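K.L.:
So the protein sequences, as listed, match chains A and B.
Under this note's numbering, think of the first position of the first sequence as 1, with each following residue one higher.
Under this note's numbering, think of the first position of the second sequence as 1001, with each following residue one higher.
Derived from the structure by calculation, the hints contain no laboratory data.
Computed from a predicted model, the values in this text were never measured in an experiment.
A portion of the hints provided could be inaccurate.
Stated by the list, open to error - Cross-link-like lysine-lysine pairs, in silico, DSSO-like; alpha carbons within 30 Å at most:
{"id": "1", "chain 1": "A", "residue 1": "K149", "chain 2": "A", "residue 2": "K334"}
{"id": "2", "chain 1": "A", "residue 1": "K348", "chain 2": "B", "residue 2": "K1165"}
{"id": "3", "chain 1": "B", "residue 1": "K1272", "chain 2": "A", "residue 2": "K386"}
{"id": "4", "chain 1": "A", "residue 1": "K283", "chain 2": "B", "residue 2": "K1272"}
Claimed, not checked - Output of the computed footprint for chain B on chain A, the stretches with three or more beta carbons under 8 Å from beta carbons of chain B:
{"id": "5", "segment": "194-202"}
{"id": "6", "segment": "212-226"}
{"id": "7", "segment": "274-288"}
Every residue gets a Cβ at the ideal spot worked out from N, C-alpha and C, and that includes glycine.
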Amino acid sequence: MILSALWGVVMMFTGLATPSARMHGRLAILGMTLLTGAAWLDFIGFSLLSDSTAGGMLLFGTYESLFILLMSGCALLYLLLSVEPMSEGGSPISDPLALHFFVMTGICIVAGYRSLLMLFLGVEILSIPLYILSASDKKNLRSNEASLKYFLMGAFSTGLMLMGIALIYGTRGSFHLDALNIGLEALSPLMTAGIVLLMVSMAFKVSAAPFHFWTPDVYDGTPTVYTSFMATIVKGAAFFAFFRLFQDGLGRLHEHWRLLMAFLTAATLIIGNGTAVFQQSVKRMLAYSSIAQAGFMMLALFAMNQTARTGIVFYAVAYSLSTIGVFAVLARMKDHSFEAFNGLAGQKPLLALLITVFLLSLAGIPLTGGFFAKYQMIAATFLEGKMIWMAVLALLCAVLGVYYYFRIIQAMYFRSGSSMPPAISADLQAVLVVTALLVVALGIHPDWLLGMLSY
Amino acid sequence: MLTAFDNFPALLIWLPLLGALLAFFLRREGVAGRWALLSSLITFGVTVASLFFQGAQHYALTQVSYVWLPDIGSSFTLSLDGISWILCLLNAVSFPLILAFSLGSPRDRPHVFYGLMLLAQTGLNGVFLCIDALGFYFFWELALIPVYFLASLWGGERRVQAAFKFFLYTFAGSVLMLAGILWIQMRTADQSFSLASFYRANLDPAEQAWLFWAFFLAFAIKMPIFPFHTWQPDAYEQSDSPVTMVLSGVMVKMGVFALMRWLLPLFPDAFKRFDEWVILLCIVGMVYASCIAMVQDDLKRMVAYSSIAHIGLMAAAVFTVQAEAWHGVLVQMFNHGINIIGLWMVVARIEAQLGVRKISALGGLAQKAPSLAILLTVIALANIALPLTNAFVGEFLMFNGLYRHNPWYAGAAGLSIILSAVYMLNMIRNVFLGGTNTMTENFADISLRHRILLSLIVLTILFCGVHPEPMLSLVEQTSDLILKRVLTR
């Protein structure tokens, strides 16, 4: 965490020191590698700092360290795939790269928080760089609009979160998660209001319906490389924080907020999947599909048990890998409509195959990571034993998902077109192959990750 | 310790898979197709050999099991018993025939085509062999995806839509099955996906009811049973002939097989509540499909609807839970697969030469192509289930069971057999007999390759029709074992 913050500062200054974009890119990849290495050391129990608990406000067990490790691993893959398109815009990339590292700091904080104060700090450190990133295409009106929209809505939800935290602090007299974990007898109206406000603000951050309206416009307006980051790693971290809050903080009240959560989940699933079907642009389709995927992850929050706990991280990883892969290709394309993919299989068979793997994973077809991700969510819902229809609804939504993901596959394989194939360099393709192999490995042998996550 | 014959189920998966992966890399002209044929012949050899090695004990579950996902409770368990053997045999016989047939007509990207074909064979064998529910679901999808690509890449003009409709229908069915599988797994004592644990799972009647329908829907769409059949005529019509043969010859049997292996033994209580409804559905579907087949002017669509009628009879016979009917279904699954592949071959040859499938536009082919006409007539008679043809054995046993269950049902189902004679003989009259017209004047007889293939099919038809005992004795023990489980719980 500290490393990522420091590296962010370093990145910022290198922007002054050297104007070479390639240098910045390499430096960023080096930094992310170091970060991943540090997370790995942390995970195997070799702590770099003797005390990283910040007076009990942060706690990093194996589960949390593993999450950071996975997310920084995904971020490393993301950077490897994205530095090249980033530097094409002409504007210096040291600043955006620095912002990525600040976001990673936020992710580390929200992964290990034990106190609402830290949650607030983490979410803010996570969000503010994103507001800037979404506006990084300064000359594009849509990018500016996206940023403003994101900022206004984000600020609003932050206000709600702060209000919720204040109300809870007012009743309990502490920010600590343990202090929150009370039974029904201690529940006061103020506390209830606080919980609902927290839920709403977190639902906003993970773009769960009905608080999702910002998502399509922001994802669409933001330069594609950054959309990839926002839609995957950041969203995974937000879900992790959301889950932690309701498991450790409010777990004993599960029965009471479950119905509300079920409503949010069902609405997210239906709206996300239902709207994605009608999109004409692949980028917007992916924005709605990210809402749809959020709906699946919400099932973990609804179920709130051991399977959900391992499943939500598994889902975040499988979903992030696949989405990063698709976005990496999309970032290299000028035209974001479905027609742009026409006939890709004829021109670039390997690339088409890779995209197919990512899309099959997003659709949840067996032998890909996405299948076991969805599997875990459904199993968690069944284990909960209440409201089985939620699982059936989710599965029917998965069928809708097949419909819109397969539109791209159909365009690539079954339609002929003279589309401009995206210019993907050999290096980039190699990273994509690694990503796809990881997706398939998660689908054939999910045990290694599930096993690590379950303690 | 794995002994020699324990390895057979595993071989039946790995051999075609290996063949498929290799075929994708054989880009040189004509190599992939020959390799695929060789690979399918090896698979055929192994399938036949597996019977001899197992000797008299083929009813016993010979199993091979790999540890796969211990945390989730799934292990990769394959078993070869009577009912899976007969379907693997169908698979093993069909693919060499289909591949040899498709070698006769060149196509673009042959390495992809043959790779996907063998991948489909892998998936199908997996469905028949796997007795772990999660593995079963995996193979169920694995069989679907190559066929989806095959049907979309080669075929008629509307193939993309037709294949996608087929894919969405079956996928929707199978996710419901997945939900059911997960639910049962949680109700098993040891949180396992194995078939044995599933059989022992404690499910109360209300649970069984919804699980029954979830599974039934998946299988009914696959078979397909009326009213879930609407994907089928489109898919059959639009796909390339070899793909249609895989679909109708082997793939639809997945549904019937799954009824016997999974649905009935898992939910005996629910089955007793709903069996009349399902049989009624099947019989309505049979008569309905036969009526539509009668008025079809397109050869492919006619065969497609006749297939719905035949599958409907099999499904109805499964639900009568009569021992003879089950033997009949198992034998008929094999025989129907062979017959319909023969029919498709004839249709494909006519279409390849004349470019039309309209019955009304054809006529007098028998004068021009005597050998095609003779071979077709035998296959058509087998499709009507005349005595001494293979289908007679199966259909007789199924009718017997249906009659014991309820004579009225047997009567209604018999109507569809009469109708099938009407449309098959009509087809022969309009297409093969009568005078030639300007288009059919230059029709040439079929080549040696197709003569051999069709003769092989005809020989199988006659052999199985005259001497059905070996096949019956093969399936009897397993079938009775499963039936006992259905009836005594």
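K.L.:
Indicate, hint by hint, whether the structure satisfies it.
P.N.:
Verification of the supplied hints:
1. For the hint linking A:K149 to A:K334, the alpha-carbon distance of about 24 Å falls within 30 Å, and the restraint holds.
2. With a C-alpha separation of about 27 Å, the suggested pair A:K348 and B:K1165 falls inside the 30 Å cut-off, and the hint holds.
3. Distance restraint check for B:K1272 and A:K386: the Cα-Cα separation of roughly 28 Å lies within the 30 Å cut-off, and the hinted pair is therefore satisfied.
4. With a C-alpha separation of about 51 Å, the suggested pairing of A:K283 with B:K1272 is violated against the 30 Å cut-off.
5. Remark: the segment 194-202 of chain A is not confirmed as covered by chain B, as 0 of its residues place a Cβ nearer than 8 Å to a Cβ of that chain, below the required three.
6. Counting residues of the segment 212-226 of chain A whose CB lies closer than 8 Å to any CB of chain B gives 0, so the stated coverage by that chain is violated, three being the minimum.
7. Using a Cβ-Cβ cut-off of 8 Å, 0 residues of the segment 274-288 of chain A lie near chain B, which falls short of the minimum of three, so the contact claim is violated.
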